[in-house]
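Colleague: Below are the chains, spelled out letter by letter.
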Amino acid sequence: MKFDITRLFDLVAGDPQADRAVPPTGFTARLTLFTAGAMAFLAVFALALSLATGRLADRWSAELARTSTLRISAPADQADAQLLAAVEVLQTTPGVAQARPLTADEQRKLLEPWFGPELPIEDLPIPQLIEIIEEGDGYDATGLRARLQAEVPGAVLDDHTRWREPLVAAANRLRSLGWLALVLIAASTAAMITLAAQAALAANAQVIRVMRLVGARDIYIARAFVRRFTLRALSGAAIGTVAGVLAILLLPSADVAGGFLTGLGFQGAHWFWPLAIPPLAAAVAFFATRAAALKTLREQS
Amino acid sequence: MTVIDLDNVAYSYGGAELFSQVSLNLAAGSFHFLTGPSGAGKTTLLKLCYGELLAKGGQVRLFGEDAATMDRDAVAMARRRIGVVHQDCQFLDHLPVTDNIALPLTVSGRENEAADNLPDLLNWVGLQNQATQLPPQLSGGERQRAALARAVIMSPDVIIADEPTGNIDWEMSQRLLTLLIELNRMGKTVLIATHDMNIIRAAKTQVATRVLRLKDRRLMQAGVEL
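Protein chains in written order, with numbering that gives the first Met the number 0: chain A, 0 to 300; chain B, 0 to 225.
Just so you know, the hints here were simulated from the structure itself, not pulled from any lab data. A couple of the hints might just be wrong.
[Claimed, not checked] Taking CB as the label site, the calculated pair distances span: (1) A:Gln-299 x B:Gly-63: 26 to 32 angstroms; (2) A:Ala-282 x B:Pro-95: 34 to 40 angstroms; (3) A:His-269 x B:Leu-53: 54 to 60 angstroms; (4) A:Gln-299 x B:Gly-38: 22 to 28 angstroms.
We treat Cβ as the ideally placed atom computed from N, Cα and C, and that holds for glycine.
Could you build the full structure based on these sequences and the hints that come with them?
Modeller: Have a look at this one:
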């Protein structure tokens, strides 16, 4: 079906005469406003979830892909020598920007959640960790492992792939769920508005009969209902979107301890995305009401 | 020239035949009465004549087009050429009389013409003082005259009236009949379904009419009792 966008605008602009012919129906007006408002409110959160999890997936993916860890487990008398050898190997490896052995304090902090703050780390045979930061396209992990095996026998390279992938997959799945929620919200809005439009058409059966009697075409009759429901959905969704954005603004700001949940929200240009919700709700209402009206008018004859 | 033509038409509700073998030819400018007992199918026959119902058998032609093959828009266009007056009138009760009378122009996108036509039309049907009233505020006779004004505002080719004098007194019936006869003299085709033999007799003294009787599932020329 060829769709002309100017016809959509004509229809929303509407025919005041056609609009007057249909008396206002309070119940369906309130139902449409409430549905559009509530769905827009939920849509703001679904959108925020999608965008936040998208950012999270990208960040985890990027950050973890750029770092890796070398763990050296060597007898005490060889530990320093192997550490030096490992750093030398790493510094001469293309794609490695920085190789920094973690200090005793840093290693203690890593173990603090399990062993407490007073852990005598110097007296324990704890492996030495080296943080590796990559540059460019990164290093050749297979080649580096081979060199380390030859020159630093106690070294184990962990490029984070093992636990990075499930995390990124989980974040991506959350992002997909956010989009799915948006689709479901749009479908629910369409269903509710269809029901409201059908109720309005049924309540105005006499009006429709009279308009038909005097030669009104189906599209003329449908237009009065379509315009009304489209504008109601637009205004309801605008209210719901404003409320949703305010609620997002009132969420606690993101911090390190808050982690993922406090990061739910919009950043930068993403704040403009909710602006798309009211027109999309209006478009959903337009097509849902038009389909319902034309179907009902066909069935009524 | 024929405006509405029914050829061997049959209609039934839920398998029960209402009438069959009905043929009716409405020539342009003719004046017909349709009579018959209650339940004989007069209203159904009228609805076939303005495309609200489709015949179950035979053929109905509206202005030369087969009603069975007309799409919904074509039926709407045909209805703009047929003014209908119902016994129960059927108005939009939330709109004033003027807007109701102008409704055919409004739905046709010709609302600009309403300002030119309405004052004369309101005078013609004697409703100039009721123009701003809502339909529920009108008396039975006023409603019938408002319905007639609405039926003729588009200057249709055909006027179809279903029991137009059913709810009004004799004087008002005479007045309505006079308006319908005036329209016929202007070249409009008129088809009136009625029980009211007095109205038919009164009309026959003023205009050449053809009286048809729908009885026992058949349409026939009415007898000499008229």
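Colleague: Now look at each hint and say whether the structure bears it out.
Modeller: Do the hints match the structure? See the list:
{"no.": "1", "hint": "A:Gln-299 x B:Gly-63: 26 to 32 angstroms", "in the structure": "holds (27 angstroms)"}
{"no.": "2", "hint": "A:Ala-282 x B:Pro-95: 34 to 40 angstroms", "in the structure": "holds (35 angstroms)"}
{"no.": "3", "hint": "A:His-269 x B:Leu-53: 54 to 60 angstroms", "in the structure": "holds (57 angstroms)"}
{"no.": "4", "hint": "A:Gln-299 x B:Gly-38: 22 to 28 angstroms", "in the structure": "holds (24 angstroms)"}
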